[in-house]
Amino acid sequence: METKDKVLMINPEKCTGCRLCELVCAVKHDGVSNPARSRIRVVKWEMDGVYIPMACQQCQDAPCMKVCPVHAITRNDELNTIEVDYDKCIGCRSCVSICPFGAMGFNSIDRQVFKCDLCDGDPQCVRFCEVEALEYIDADDVAILKKQEAAKKLYATSHKVALKEA
Amino acid sequence: MALDRKIAYINLTTGEIEVKPIPLDVRKKFLGGRGLDAYLLLNHSKKGCDPLGPDNPLIVSGGILTATCASATARTHIMAKSPLTGLLGSANMGGFFAPEMAWAGFHHLVIKGKAETPSYIYIHNGKIEIRDAQNIWGKTTTESQWAIQDDLNDKEVKSLVIGPAGENLVTFACVMTGIKNAGGRTGMGAVMGSKNLKAIACRGTMDINIAHPVEALEYNKRFIDQITSAKVNKTQGILGTPMIWGATNSWGGVRTRNFQYNQCEYSDDIEPEAIDEICNDTIGPHHMAGCFGCQVHCRAQYRIPSGPLKGRYDEGPEYTSLGAFGAETDTPRAETVLAGNHLVDQYGMDNLEIGSLISWAMELYEEGIITSKDTDGLDLKFGNDEAVLEMIERICYRKGKVADALAQGGIPASKIFGKKSFDYLIQVKGMSNLHSDERATPGLALNIATASRGSDHLRSRPAIDLYHLPEKVLHKIYGNPVPYKGKLSSEHTEYIGKAWQVFWQENCYMGVDCLGICKYHTIFLGVTLPNFEDWPKVLYYNTGLEFTPKELWDISERCNMIERLFNLREGLTREDLEKGDMLNHRYFDEPCRRGAPDVVGLMIDKKKFIKMIDEFYEHKGLDQKGNPKPETLKRLEIENEPSHML
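In order, the protein sequence lines correspond to chains A and B.
Mapped onto this note's numbering, the consecutive letters of the first sequence carry residue numbers 2 to 167.
Mapped onto this note's numbering, the consecutive letters of the second sequence carry residue numbers 93 to 738.
Hints were generated in silico from the structure; no laboratory data involved.
Built from N, CA and C at the ideal position, the CB exists for glycine as well.
Among the clues, some could well be false.
Output of the computed footprint for chain B on chain A, the stretches with three or more beta carbons under 8 Å from beta carbons of chain B [to be verified]: (1) 19-27; (2) 31-45; (3) 48-60; (4) 129-141.
Pair by pair, the computed Cβ-Cβ distance ranges are [claimed, not checked]: (5) B:P113 x A:S98: 33 to 43 Å; (6) B:K579 x A:K147: 56 to 66 Å; (7) A:S98 x B:K219: 25 to 35 Å; (8) A:E133 x B:K642: 35 to 45 Å; (9) A:W46 x B:K699: 51 to 61 Å; (10) A:E14 x B:S321: 22 to 32 Å; (11) A:D111 x B:E307: 20 to 30 Å; (12) B:H560 x A:E133: 32 to 42 Å; (13) A:E133 x B:G460: 51 to 61 Å; (14) B:K642 x A:D111: 37 to 47 Å; (15) A:R76 x B:M93: 30 to 40 Å; (16) A:T75 x B:Y559: 53 to 63 Å.
The following block holds chain A by itself, in its conformation from the complex:
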């Protein structure tokens, strides 16, 4: 599978807030149901109906990698992921505190940090998300897809205005 430079694209507008992604993530990685173990979490503003899935961005210049005192965190160029080497990890949780997205978790049952590994190129959260709030696409395509979406909105608005004026 060609996975190089593929990224997890999150479209919060499409998210229905069902949290199936959290469920399948935990089942896939740990064989259990428990959102506390999920690499992806849906953050909600229930009173506004806003749901935002949050997951690791696999940063180019990853703060977790930089802060790790034992160099247990490295970049996997093949999968375009940031990985934790558990043989080296000392569980200091520096990565947890520095991540700007809260994407590095700490599992208090196994006493270990954990993060998204994109399921080695077949992310289950994407597979189960029928509304495509989560997509696994080429990094190059993210911007053009966003442009298309923005253009659609722009067109709809101008069309509405034109109709009103007509």
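With chain A held as given, fit chain B onto it using these hints.
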């Protein structure tokens, strides 16, 4: 493991809390969810107990599959003796509460007693605490949930709450979670209110082990594909349940002006597409939301577009709100429906019951049985939008003679109003019918007459009867997992074989409610959706328990019989208009006046209808009085109930 989730007995009077495991032999007989709740209710309540007294046990549960890797295991079930009907109280809701309770370690709660002051129960990873709720008492359903999150300083807490209506003991007050998920029917909110129990809050991070995780994940994917490929679910995912209202109204199955008509005219403003446009305008193109793990996402998000409540956020409106605040009261205006929906959500009241009761009061007003003197000057006539919204508030706070009477439920109110008011009341067993009109559909009429919690569509409705499926297809569906040799008819106006269909659906829906999944994931509206044949696999992969389809059918039948036993103990008799399996005379006397050509002029033929009930009783193994035959109880292994195993 799902099977290691516990049951907690909580006494609010003494503060005692006892936690027990759920034995495997109990699981194998009653599975979980509503089925096991029914067992617990029969075992933990005394005959004739006061529904609003401390002895009435309030039972809250998730199903056996709740929060496992199965599809849409979001449902919470609430059971107690109903203050509305005096019979079985049972309500079911989606959202995120039951999964959180399962992650916190529990599948069932049995709550007895009465707290001295307003309180709430907090459950966190196996620990249970009773906390003060005096500062939360009086708040609306959403305010209460956010107040609890603040009190616990935890935004991830999920709560089941009551609003002011539950506190004021309105007999059809509901329990709610999230913005709009309501355990709506039979007044479970009033039972909570009577216990001074404002809420149950849960937060859990405990593993639920999946017996066969790889297979469970793959099977879940297949399950979801099967569910989302059904056209009806696709449409639900775009338009929500208003889609059903639109379809039903078009052929003439929607009660209008209480029971005067069977179709709402001039309803363009509340057609599903019109409601969808409001959602589009006020939220945006992606305005559908889902309950836990569900890919149907039938909950529309909206803001009220105009009027005094302009800008308020809510979800829905379900098709029941279109019926309750649009058709029944003959006020088919979006602003009224959306505002009405919002008010009942905030106050915590059953939209089906209140809409039905307001429209009944409007008919009584038209007939002169109640007058403007009784309503303190409110012009309670059909089509008066302000009167509908005003009545919702008055009933919640029990202001004035009429509203206070209605807050007690239809039958008690009919005794206050007197004259012929009872004759106009569209109810079974004391619970009002939803907005649907069953005069042209004998199968659906049988369903509401015999449903265990009163006039209701979610306990045994053969909704696919309206699709006119070929008999061959009907036999394939209704001939499994137990054979059916009798006749079935594709014609929804027929009486042939409907008793079996209702019996089959009753068992199917009980199965779903024991599993803890949503009815949109079984044969309710979609013909191709999972049922008894598919459930053994999903159960095995997730829990490791092995069942055959027939064994699951037997469990469902057993649980339904337990509900019947409870109702019989509390006074159900076959032909009693207040507590029996009988319809209001209007179904037999007043023909449909609107709708499709094959609907106009129809009403229920009483003789044939009574024969249908005979047939239904026979399928269930009841005698002609409606009591179970001794051999039926023996066959279902419940001849010694209540057995006090748990």
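Right, here's what the structure says about each hint:
{"no.": "1", "hint": "19-27", "in the structure": "holds (count 5)"}
{"no.": "2", "hint": "31-45", "in the structure": "holds (count 8)"}
{"no.": "3", "hint": "48-60", "in the structure": "holds (count 4)"}
{"no.": "4", "hint": "129-141", "in the structure": "holds (count 3)"}
{"no.": "5", "hint": "B:P113 x A:S98: 33 to 43 Å", "in the structure": "39 Å, holds"}
{"no.": "6", "hint": "B:K579 x A:K147: 56 to 66 Å", "in the structure": "59 Å, holds"}
{"no.": "7", "hint": "A:S98 x B:K219: 25 to 35 Å", "in the structure": "28 Å, holds"}
{"no.": "8", "hint": "A:E133 x B:K642: 35 to 45 Å", "in the structure": "40 Å, holds"}
{"no.": "9", "hint": "A:W46 x B:K699: 51 to 61 Å", "in the structure": "58 Å, holds"}
{"no.": "10", "hint": "A:E14 x B:S321: 22 to 32 Å", "in the structure": "24 Å, holds"}
{"no.": "11", "hint": "A:D111 x B:E307: 20 to 30 Å", "in the structure": "23 Å, holds"}
{"no.": "12", "hint": "B:H560 x A:E133: 32 to 42 Å", "in the structure": "35 Å, holds"}
{"no.": "13", "hint": "A:E133 x B:G460: 51 to 61 Å", "in the structure": "58 Å, holds"}
{"no.": "14", "hint": "B:K642 x A:D111: 37 to 47 Å", "in the structure": "41 Å, holds"}
{"no.": "15", "hint": "A:R76 x B:M93: 30 to 40 Å", "in the structure": "38 Å, holds"}
{"no.": "16", "hint": "A:T75 x B:Y559: 53 to 63 Å", "in the structure": "58 Å, holds"}
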